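Novice: Residues per chain are reported as follows:
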Amino acid sequence: MIVAQQKPLEEIKAMIAGAEKVLILGCGTCVTVCFAGGEKEVSILASQLRMATRMAGQEKEIREFTVQRQCELEFNALAADYVADSDLILSLACGIGVQTMNEQFPDKMTVPGLNTSGLSQPTEQGVWEERCQACGDCVLAETGGLCPVARCAKSLMNGPCGGSQRGICEVYADKQTPCVWDQIYHRLEALGQLDKLMEVRPAKQWQTSRDGGQRKIVREDLRL
Amino acid sequence: MSDNEYKVGSNLEKALKAGYFVATGELGPPQNADGKVIEHKAQFLSGIVESVNITDNQTAVVRMSSISVAVMLMRLGIEPNIQMTARDRNRIAIQSDLLGAYALGVRNLLCLTGDHQSFGNHPQSKNVHDLDSISMLQMCRDLRDRKLFQCGDAIKGQEPRFFLGAAANPFADPFDYRPYRLGKKAAAGADFIQTQLIYNVPKFAEFMRRVVDLGLHEKTYILAGVGPIKSLPAAKYMATKVPGMEVDPEYIQRMSNSTKGLPGLEEIKAMEPKEAAMAKAARKEAAQAEGIRICVDIINACKDMKGVAGVHIMAIEWEEAVDEICRNTKIGPKYDPARQPA
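Top line first, the protein sequences correspond to chains A and B.
Under our numbering, the first residue of the first sequence is numbered 1, with each subsequent residue one higher.
Under our numbering, the first residue of the second sequence is numbered 225, with each subsequent residue one higher.
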C-alpha cells in the first residue's frame, strides 16, 4: 500500500496560518490502513489544531470530512459543499490525493498534511517497510521475489556490495536492516536457483522508472 | 589489443603481464583545492609502486576530483589509477569523464559502486547508482574493445582505452558467494582486482583457494589489499567499527605488545611535558614499526598464495610507510631484485 506519515504540527500550523476556515480532508483507503490520514486521524488533528489556534488567540473554524478515495474525482465530489465553504483544504491523503483535489477544485488551495513515503508492507504492528519503487520493469522473477531496486540502498543489480555483513546492510544507523542481497542469495539457494546470481546483469534501463519523466498508462481497451 | 599485445600498455598492465609480484599504492585527495598536498604525498610513492590509485570522494566525503589529481601525478612522473564510483555519476557523466581522462593520458581505471552517501559529509544528497560496479565494467570494456558507447552507438574516432580494475571484499557476506561475485567482475571486464584490506590471512587464503578452484586467477590479476596499522586504537577500530573488515586478534595482540616495556599512558601523564612528549613519541614509533612489520608479514604470506599477483598497499595519510614496506618485502619497481638492471 501507499504509506504516509503526518507532517510535524508546527509545519501544518504554518501552512494553514493565513486561513480562517480550514477543511481537513481525510482519505479512506491506504492512509486509513496505515493510520495516517483516515477519519480518526482527521479528528485528532482537528482537535489539536482547534486547541492550538485557540491558545494562540487566533481560533480557526476547523471542519472534518473523509472521502473514500481522494485520488478519484467521484469520491471528492461528495466533499464539494465543504470545500466551497472553506478557505483552505488540509489534505490527509497521499500526494496523489492532494493533487487530485487541487486539480478538481482549482479555486481553493489544498495543502498536504502528510509526507508520502513509500509503497510498503506492514511487517508488524506499527511498522511499514518499503517494498517497491515502481520502477516499471519488475525484476522479482530474477531475484527470488525480493526487490533490490527498492530494498538495496544502492539499488544494486549484481549481488551484495562489500558492506554486507552477517546479513545486515551497513548503511542504516539501526544496524538491523537486512541486506536484501543476502536475503536474495539465501532464498535462491533454498530454491536451488543460485545460477541466477552467477549471470552478469547489464545496466538497468531506467526509462520506465521516473527517470524517463512522469509516467502515464493509457489502456485503449478501457477508454470510453 | 594494440600492436604490442597489451590492452592498454600501462605500467601496471606491463608489470602484471611480465609476471612480477606487483605493488600498487593509493592516494586520498585533499578536502580542499590545494595541489601542494598532492606533491607532498606523491614524493613518498614515486618510483616505488607501479601505479597509484586515486580515490573518488572516498567514504562519500567531498574531495579533489580523481581525474584532476591524476593529471597532477602524471606531471610528477607517477602513473595514476583513477577510481570511479557509480554513486555520483550516471552513465552519461561517467563516459564523458572517461573520454576526457583518456585524452589527458590516464590508462588505469578502477570501477566501484561507491560508499553510500549516508557515510559522508553530504548525507542529504541524491544517490545516482544508475549503474553498479559490474555494469560499469561492462560499459568500460565495450568502450575499449567494441568501440561502443553504453547505448550501442559507435564511437567515431579514438576510443577510451583503460586497463580495468574492480574491488572485491573477501570478508563480506555471504562468504560462499564472494568468489563468484569476483568471477562476475572478471566476466564483465575486470583485468585486475584489488581486494579490501586483509587482516585475516587464513580467511583470505580460503577465499583464494576457492578463487583458484574456479580458475579466476587466470582470467584476472588479483592484488591483495594490505595496509600498515598505525596504532592499537586503529586496529581495534577496524576490528569492531568498520563493516566488511575482519582483524585477526593476533594483530591486535601484537600492536598491544609493541609498546610493552615503554612508559604507559598513566605514567606519561605524571611526567614533565618534555619528557612526556618524548615518551609518547617512543610509543608511537614502536607501534608504527610493529604496524609495518605486520603488513610485511601479511604481504609475505600473500606472496606464497597461489593466484595472488601482487598487493595494493593502502597507507592513507601514511604514505611514508610504503617505501619501507616495499623494501622489506622486496616488491615493486624499486626493490624487486628481478627488476633491477643486471
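Hints are not guaranteed to be accurate.
[Unchecked claim] Computed beta-carbon distance windows for the label pairs: (1) R50/A / F399/B: 56 to 66 Å; (2) G57/A / P457/B: 53 to 63 Å; (3) S43/A / P254/B: 39 to 49 Å.
Think of the hints as simulated: they come from the structure by calculation, not from any bench.
Since the structure is predicted, the reported quantities are computational estimates derived from the model, not experimental observations.
C-beta atoms are modelled at their ideal positions from N, C-alpha and C, and glycine is treated no differently.
Novice: Now tell me, hint by hint, if it's right for this structure.
Specialist: Right, here's what the structure says about each hint:
1. R50/A / F399/B: 56 to 66 Å: With Cβ atoms ~59 Å apart, the hint holds.
2. G57/A / P457/B: 53 to 63 Å: holds, 58 Å
3. S43/A / P254/B: 39 to 49 Å: Roughly 57 Å apart at Cβ, these two residues miss the hinted range, so it is violated.
Against the hints set out earlier in the document, a violation occurs for number 3 only.
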